[in-house]
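Colleague: The opening position of the first sequence corresponds to residue 1 in the working numbering, with each subsequent residue numbered one higher.
Simulated from the structure, these hints should not be mistaken for lab results.
Treat the hints loosely; a few may be bogus.
Stated by the list, open to error - In silico lysine to aspartate or glutamate, DMTMM-like type, Cα no more than 20 Å apart, as pairs: (1) 631 <-> 600; (2) 150 <-> 178; (3) 159 <-> 194; (4) 499 <-> 540; (5) 462 <-> 194; (6) 166 <-> 194.
What the hints assert, rightly or not - Between beta-carbon pairs, the in silico distance windows are: (7) 128 <-> 188: 33 to 39 Å; (8) 29 <-> 806: 25 to 31 Å; (9) 774 <-> 94: 46 to 52 Å; (10) 10 <-> 806: 48 to 54 Å; (11) 822 <-> 68: 52 to 58 Å; (12) 343 <-> 424: 52 to 58 Å; (13) 791 <-> 130: 58 to 64 Å; (14) 510 <-> 554: 15 to 21 Å; (15) 815 <-> 6: 27 to 33 Å; (16) 26 <-> 555: 44 to 50 Å.
C-beta atoms are modelled at their ideal positions from N, C-alpha and C, and glycine is treated no differently.
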Amino acid sequence: MEYNFREIEKKWQQRWVAQQTYRTTENPERKKFYVLNMFPYPSGAGLHVGHPLGYIASDIYARYKRLQGFNVLNPMGYDAYGLPAEQYAIQTGQHPAITTDQNIARYREQLDKIGFSFDWSREVRTCDPKYYHWTQWAFQQMFGSFYCNKCQSAQPIEKLIEHFEKQGTADLDAVQNEELSFTADEWRAKSDNEKQQVLMNYRIAYLAETMVNWCPALGTVLANDEVVNGVSERGGYPVEQKRMKQWCLRVSAYAQRLLDGLETIDWTESLKETQRNWIGRSEGTEMQFKVADSDIEFTIFTTRADTIFGVTFMVLAPESELVAQLTTPEQKAAVDEYLAYVKKRTERDRISDRKVTGVFSGSYAINPFTGDKIPVWISEYVLAGYGTGAIMAVPAHDSRDYAFARHFNLPIIPLIEGADISEESFDAKEGIVMNSPATGKTALDGFSLNGLTVKEAIAATKQFVTEHKLGRVKVNYRLRDAIFSRQRYWGEPFPVYYKDGMPQMVPQECLPLELPEVDKFLPTETGEPPLGNAKKWAWDTKTNTIVDNSLIDNDTVFPLELNTMPGFAGSSAYYLRYMDPHNDQALISKKADEYWQNVDLYVGGSEHATGHLIYSRFWNKFLFDLGVSCKEEPFQKLVNQGMIQGRSNFVYRIKDTNTFVSLGLKDQYDVTPLHVDVNIVSGDVLDIEAFKAWRPEYATAEFILEDGKYICGWAVEKMSKSMFNVVNPDMIVEKFGADTLRLYEMFLGPVEQAKPWDTNGIDGSHRFLKKFWNMFWQKDDFVVTDDAPTPAELKSLHKLIKKVTEDIEVFSYNTSIPAFMIATNELTQLKCQKRAILEPMVVLIAPFAPHIAEELWEKMGHTTSVCDAQWPTFNEKYLVEDTVKMMVAFNGKTRFSIDFPADADNATIEAAARGHELTPKYVEDKQIMKVIIVPKRMINIVIK
RNA sequence: GCCCAGAUGGUGGAAUUGGUAGACACGAGGGACUUAAAAUCCCUUGGCCAGUGAUGGCCGUACGGGUUCGAUUCCCGUUCCGGGCACCA
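Start from the sequences and build out the full structure, keeping to the hints where you can.
Modeller: Dropping the structure here:
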């Protein structure tokens with residue numbers, strides 16, 4: 001009987017929908033398992049074969065867990081806000097919602113063909129008001145919270161107000177933008193507006209004037225993870241630094257918890273490392289330096305407090321407020337000129353061209369340990385955003401300071417015994433300290449580091465600094481607060497209106513605040529974000545409704561926020577929403593949260609390491625502090641599926657002709673390689689007729705063939721339209737079936753590894769499924785008998801159960817598929833058509849190839865879905881061998897093998913070896929030194 | 001520059017974590033069936049050498065060392081490819 005995959009797959013896909021096979025409900029009786037894929041952005045190009053890789057891998061796991069008796073949640077949805085739909089809208093005027101809906105419909109159609117076990121009743125879309133209701137809600141909660149360092153959690157802002165009313169800022173340990181100091185009386189004396197401004201300094205979602213990454217080409221600001229090498233991640237446009245008032249999220253408050261949490265989750269080491277780098281914890285010392293002949297004092301941050309005796313100059317970041325204070329009248333002209341130069345330089349200039357630049361401020365600082373006067377310089381190599389924006393320069397032991405000192409001829413004092421600093425600085429934190437202080441000099445309180453190791457010196461200095469109140473020990477993080485405003489249309493609107501210039505929250509019960517209609521998706525003529533084009537975008541505080549802008553009176557009707565939220569807003573808590581997607585009273589009910597807890601297995605690309613995966617961990621920790629999420633980490637285990645690259649094909653055109661030469665002969669001509677659509681190439685052989693039809697300019701093409709064929713060249717490249725190497729899963733499904741596609745994608749290699757797609761190999765997977773199908777048939781009759789299985793058959797089956805079970809647990813599907821092939825071949829040869837063997841086989845293959853499994857399961861007389869079957873367990877007793885093949889090696893050199901009874905003990909085997917029973921010709925007169933027996937594997941006889 | 005991961009046939013990749021390297025699949029070559037094609041099935045397929053032959057020998061997991069009876073696997077050094085961070089003091 002022919003394996004008619006088209007009919008089978010269609011039938012079961014329809015039946016799964018009709019019978020709601022994959023609908024999941026909370027069931028306290030059963031253990032839960034939550035499998036999640038990073039939801040896709042539905043782009044206009046549709047899915048290519050690379051996209052489903054992770055979905056297939058997680059689907060196999062989800063189905064496997066279900067067969068093991070778990071109540072599995074395996075949802076899917078769409079990250080529907082995004083730039084492409086908005087840019088398409090700008091070009092065509094078509095509303096992004098329409099484009100997005102169309103793209104989603106197309107995605108859904110493609111996904112449905114692959115046979116996933118998604119519970120579509122839980123689908124979410126980030127652009128759906130019912131969904132972004134809770135994105136807006138979370139934002140308001142962040143606005144209404146501050147971060148308490150003492151209790152290490154977010155707390156309601158009301159607690160902070162209470163604290164201010166009782167004791168002002170005294171005894172306050174909260175994360176803040178700048179350190180404020182006032183008494184309770186002073187607080188009470190403040191106006192409402194002033195109080196609001198003070199609170200803004202502490203809120204977790206706060207409005208602040210900060211340096212932002214401004215991308216003029218995109219007309220919006222970008223978060224740090226959206227800027228790569230000084231250009232925008234999307235589009236590669238230049239990015240400049242600009243001071244703007246923006247909403248920010250106080251992610252940095254969670255830096256330590258984000259770091260600590262990594263220890264509790266099961267992610268790859270490299271991904272954790274990436275996040276550690278991004279968080280960038282560094283432990284050091286903040287020290288105060290006085291400015292000579294002035295009352296001014298400033299603070300620097302250093303991880304090398306031990307090098308204090310080697311400081312020969314100080315450096316300020318050009319953007320630092322100290323620059324204005326410390327510049328002397330004589331130096332003002334030079335400094336202004338330098339600042340103008342720095343301002344001209346974009347982020348990209350700084351990265352590509354690292355020349356040494358700087359200017360002397362005219363002021364001197366006093367080394368607190370020695371009283372020495374040290375010149376204060378200004379240079380762009382010091383960053384305003386990190387530490388305090390000011391450093392102490394130790395040219396002998398920091399390569400940047402070294403370059404600077406050499407360039408401007410500043411002194412260099414070596415501090416490590418024996419370190420050669422004639423060519424470069426000695427940056428390593430090792431060696432014995434000297435010159436601290438230098439001979440003949442004395443330091444404050446006779447402090448000396450001479451003779452200590454660097455580690456000891458760092459500790460000693462920290463202690464001294466703390467005791468003498470010269471500064472304090474400080475931990476710095478590279479992780480910055482996230483800029484949360486975007487000057488775009490297609491994003492979540494902020495539920496915020498402005499009264500007297502201060503932001504006010506739209507009442508919680510009025511959420512969601514729906515995105516308004518606009519006639520143009522571009523920024524306004526006055527440079528306001530696209531929402532500035534909306535005519536009805538004002539908040540009436542009397543009626544609590546959105547009203548026409550013309551009614552704004554700044555008394556009861558106020559303008560609404562014009563920015564929208566960034567892409568990561570909607571994707572930061574979607575995994576929680578899947579647990580309870582239709583709840584309109586809360587983001588998630590307590591009951592659903594407590595049942596589903598967090599994601600057990602999360603599958604997605606590693607490109608989100610410093611974006612989504614940081615933000616959603618932060619977001620979840622915040623919700624954890626609020627008591628909304630019961631788990632501090634959202635994703636317990638994370639698997640990064642590798643990208644599937646394209647395999648491009650090339651044809652070689654002889655220069656200035658329309659003649660194409662085959663790969664093997666191309667070196668004889670002067671040729672230009674051109675990409676050719678991989679869909680008209682099969683096994684690297686070009687379909688010449690299809691090629692002529694492909695492009696009008698090729699209609700008259702001529703060919704120089706080898707062996708009557710045109711052979712194309714190939715290369716592995718990113719899968720993209722412009723390389724003509726996109727392979728569409730629909731085409732594969734049409735030609736081979738979804739089960740073949742699923743099997744082949746897994747067979748291609750380890751899920752985590754990047755690998756090129758090569759359609760050529762797919763025949764093997766398809767052939768296997770045919771063989772599997774044929775095991776159940778004799779001609780046109782379906783034959784499954786109730787005969788008792790033989791030991792050989794049982795062995796084949798149990799070997800397979802063992803292998804597949806172990807493989808799935810560790811995501812090693814690529815090695816399970818050969819096991820299926822081997823077992824199928826063995827059983828076909830044994831002509832086994834016994835239910836006791838074939839039934840478990842069908843269950844085993846169900847996660848991989850669900851359609852064929854369902855069909856066979858039904859044919860075997862079952863009335864329920866194979867999804868509700870039970871995963872077979874293997875029995876070791878069928879795997880035990882009667883005899884064990886032992887390899888015999890002499891001095892490690894393998895010679896032959898001998899069968900021993902399986903229960904032979906090592907003493908018996910060794911006796912056989914020593915008794916020269918193992919072919920004496922290799923031993924003869926030589927003496928046996930040692931016999932090493934590797935259990936059930938090898939006898940190594942060491943001879944003289 | 002720093003950190004992380006990796007390198008195995010013509011190709012994708014296996015190898016029970018120290019025990020017969022190259023499973024399985026693709027591709028290639030040969031054969032069977034067929035008027036023919038498709039489909040299906042069988043054999044060969046890391047390199048070199050010897051033999052009519054079954055077969056036997058040597059080399060071989062990027063390169064050079066080391067530990068071990070035995071190394072793709074562990075250690076040290078080198079080269080190359082990929083990823084992350086990058087004037088972060």
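Colleague: If a hint holds in the structure, say so; if it doesn't, say that too.
Modeller: A quick look at each hint next to the structure:
no.	hint	verdict
1	631 <-> 600	11 Å, holds
2	150 <-> 178	18 Å, holds
3	159 <-> 194	18 Å, holds
4	499 <-> 540	11 Å, holds
5	462 <-> 194	38 Å, violated
6	166 <-> 194	18 Å, holds
7	128 <-> 188: 33 to 39 Å	45 Å, violated
8	29 <-> 806: 25 to 31 Å	28 Å, holds
9	774 <-> 94: 46 to 52 Å	51 Å, holds
10	10 <-> 806: 48 to 54 Å	34 Å, violated
11	822 <-> 68: 52 to 58 Å	24 Å, violated
12	343 <-> 424: 52 to 58 Å	31 Å, violated
13	791 <-> 130: 58 to 64 Å	59 Å, holds
14	510 <-> 554: 15 to 21 Å	19 Å, holds
15	815 <-> 6: 27 to 33 Å	29 Å, holds
16	26 <-> 555: 44 to 50 Å	49 Å, holds
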